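Heads up: the sequence lines are chains A and B, in that order.
Counting from 1, one number per residue, gives the positions in the first sequence under my numbering.
Counting from 1, one number per residue, gives the positions in the second sequence under my numbering.
Wrong hints could be hidden among the right ones.
Below, in silico cross-link-like pairs of lysine to any residue (SDA-like), each with a Cα-Cα straight-line distance of 20 Å or less [to be verified]:
| id | chain 1 | residue 1 | chain 2 | residue 2 |
| --- | --- | --- | --- | --- |
| 1 | B | 31 | A | 288 |
| 2 | A | 288 | B | 93 |
| 3 | A | 94 | A | 120 |
| 4 | A | 284 | B | 73 |
| 5 | A | 184 | B | 79 |
| 6 | A | 288 | B | 53 |
| 7 | A | 288 | B | 73 |
| 8 | A | 24 | A | 160 |
| 9 | B | 73 | A | 163 |
| 10 | B | 31 | A | 167 |
| 11 | A | 370 | A | 90 |
| 12 | B | 31 | A | 284 |
| 13 | A | 288 | B | 95 |
| 14 | A | 281 | B | 79 |
| 15 | A | 158 | B | 38 |
| 16 | A | 184 | B | 73 |
| 17 | B | 73 | A | 103 |
| 18 | A | 59 | A | 24 |
| 19 | A | 284 | B | 27 |
| 20 | A | 167 | A | 214 |
| 21 | A | 288 | B | 86 |
| 22 | A | 167 | A | 79 |
| 23 | A | 281 | B | 31 |
| 24 | A | 281 | B | 73 |
| 25 | B | 73 | A | 162 |
| 26 | B | 73 | A | 31 |
| 27 | A | 184 | B | 90 |
| 28 | B | 31 | A | 150 |
So these bits of chain A aren't anywhere near chain B, every CB distance computed over 10 Å [to be verified]:
| id | residue |
| --- | --- |
| 29 | 24 |
| 30 | 87 |
| 31 | 201 |
| 32 | 214 |
| 33 | 257 |
| 34 | 267 |
| 35 | 293 |
| 36 | 350 |
| 37 | 364 |
Please keep in mind that the hints were generated in silico from the structure rather than gathered at the bench.
This structure is a prediction, so every number in the text was calculated from the model and none was measured.
All C-beta atoms in this analysis are idealised placements derived from N, C-alpha and C, irrespective of residue type, glycine included.
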Amino acid sequence: MIVGGGISGLFTAYFLANRVDPEKILLVERSYIGSGSTLRCATGIRASFTTEEHIVLMKRSIEYWLELSRELGFYLRRGGYVWLLQEEHLDAFKEYSQLHNRFGVPTRIVDREFVAELVPSINQDMFAAALHDPLAMQADPFEVIHTLTRFLKSTGVKIQEFTEVTKLVLDHERKNVEAVVTNKGEIPAENIVVAAGTGTKNLLKSVGVDAPLEPLPKHILITMRYRRLFDPLLIDWASNSYIVQSRYGGFIVGAELAENTSGEAINRIDYMPHAVRIWSKFFKWFPKVYILRYWTGYYVMTPDHHPVYGPVEGVDGVYIAAGFSGHGFMLGPVTGYVTSRWVIDGDPGIAQAKNLMLARFTMGRLIREKAVIG
Amino acid sequence: MGGEMKKIRMCREHPAIVCRCEDITLEDIEKAIEAGCNNVQCVKTMLRLSMGPCQGRTCIPLIVRILARRLGKNPEELHVPSSRPPLVPLQAELFCR
Ligand SMILES: Cc1cc2nc3c(=O)[nH]c(=O)nc-3n(C[C@H](O)[C@H](O)[C@H](O)COP(=O)(O)OP(=O)(O)OC[C@H]3O[C@@H](n4cnc5c(N)ncnc54)[C@H](O)[C@@H]3O)c2cc1C
Chain A
1 MIVGGGISGL FTAYFLANRV DPEKILLVER SYIGSGSTLR CATGIRASFT TEEHIVLMKR
61 SIEYWLELSR ELGFYLRRGG YVWLLQEEHL DAFKEYSQLH NRFGVPTRIV DREFVAELVP
121 SINQDMFAAA LHDPLAMQAD PFEVIHTLTR FLKSTGVKIQ EFTEVTKLVL DHERKNVEAV
181 VTNKGEIPAE NIVVAAGTGT KNLLKSVGVD APLEPLPKHI LITMRYRRLF DPLLIDWASN
241 SYIVQSRYGG FIVGAELAEN TSGEAINRID YMPHAVRIWS KFFKWFPKVY ILRYWTGYYV
301 MTPDHHPVYG PVEGVDGVYI AAGFSGHGFM LGPVTGYVTS RWVIDGDPGI AQAKNLMLAR
361 FTMGRLIREK AVIG
Chain B
1 MGGEMKKIRM CREHPAIVCR CEDITLEDIE KAIEAGCNNV QCVKTMLRLS MGPCQGRTCI
61 PLIVRILARR LGKNPEELHV PSSRPPLVPL QAELFCR
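Turn these sequences into a full structure, and let the hints guide you.
The structure is reproduced here in structure tokens:
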């Protein structure tokens with residue numbers, strides 16, 4: 001059983017269905033599919049991270065994205081990422097780039113002219129240089145989740161929406177999980193993958209497991225559609241803000257606002273002015289675009305900004321896939337792969353994933369990611 | 001146009017438009033229902049209904065009626081999407097005065 005119908009749950013079902021009888025797989029979702037963070041995300045996929053774990057997993061995820069987009073027929077566009085940097089960021093990003101290159105991600109530091117070729121209308125006075133990640137891509141979360149859902153149903157996987165799991169149930173020895181309680185009754189289950197985004201922490205608590213997962217409110221807007229002005233996703237590292245032109249032409253803009261974890265994600269009056277000010281400095285046309293929609297969502301954060309993967313010590317049959325700290329969409333395929341391998345083979349199949357188990361927090365083995373955007 | 005939409009819009013026999021901004025017809029909606037959509041969020045995310053400049057002011061009341069009738073459900077059961085600011089498209093510079 002998989003709890004949570006976001007990108008993580010759906011890809012876990014996908015990889016499980018490749019190996020076991022799909023009819024034995026049940027995915028339950030408390031609302032409609034994608035209603036958590038997945039349909040709110042900024043569609044970005046990249047491997048330009050700052051730790052071996054993230055770079056290796058993301059690179060594999062990108063390979064799966066390419067393969068699955070061909071196999072299942074969904075949109076994927078390789079526009080790359082451009083990290084716009086100030087003088088004082090350069091030394092750190094040179095190091096990051098070396099790390100990327102070591103693991104086969106061909107990023108490099110580029111000058112302003114290079115950026116101006118990719119993004120002709122950009123104001124070159126606003127940055128000193130940039131890091132270019134040519135592997136990075138964008139997908140369309142709406143299409144991905146509908147394509148996956150339709151495919152999974154066609155294989156026989158059962159998907160039950162509007163079913164909320166209220167707790168996990170252990171056997172009488174309190175060692176193995178044996179069922180879940182939902183608002184629609186109890187459902188027996190031998191193995192349970194908890195991929196429930198913001199709901200994960202409470203579900204784990206119901207079996208006495210404490211996981212450091214904290215929801216952090218995030219803000220994002222989209223403009224009306226315009227003809228394509230540039231391909232890459234741009235990051236202004238100084239303000240921790242990004243802009244990308246969506247598949248349909250709207251500019252998606254995310255920008256960091258100071259927020260507390262466990263605060264509620266509600267619209268803030270200061271978000272739109274903040275986002276507009278940043279990108280109006282980079283583009284003289286930006287003040288003229290029409291803003292269509294502003295929404296919020298959560299990054300589920302962990303203390304070291306890496307996900308929590310794999311089985312839980314002391315509670316057999318429970319597996320976690322949560323705490324993506326803002327990177328769960330891009331990780332979707334690899335999350336599905338390692339989680340399915342853990343459930344079926346007892347091993348994630350990618351060595352670096354083992355460093356991301358829950359036990360790392362109690363053992364003090366944190367792996368810090370420094371490149372969290374938005 | 002998305003793969004999902006392409007498949008659904010392959011052939012259109014009658015042009016009763018439900019969502020003008022995203023060019024979605026009654027027939028597209030019927031096909032989405034056949035594909036398993038049973039609430040407004042599903043139609044929205046599958047067809048992009050209500051995601052254009054009018055932000056659903058015209059098509060949301062229509063889709064609620066269509067789904068309620070076709071599925072025999074109450075409007076409350078249909079998961080109508082939230083309205084989001086700025087409600088009507090506004091020029092970015094208005095926020096920076
Ligand atoms: C503004 C914004 C921009 C983002 N941009 C990007 C980006 O560009 N790239 C990227 O990779 N990531 C991005 N992210 C992060 C990304 O959206 C998430 O990491 C990812 O969607 C997590 O997917 P998930 O399946 O793990 O969780 P979710 O999508 O949250 O899915 C979990 C599901 O579980 C369900 N659930 C919860 N509790 C229960 C329960 N008790 N019973 C049953 N079901 C339950 C929820 O309803 C939900 O549908 C962004 C996030 C936000 C908010």
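Violated constraints from the hint list, given by number and in increasing order:
1, 3, 4, 7, 10, 12, 14, 17, 18, 19, 22, 23, 24, 27, 34, 35
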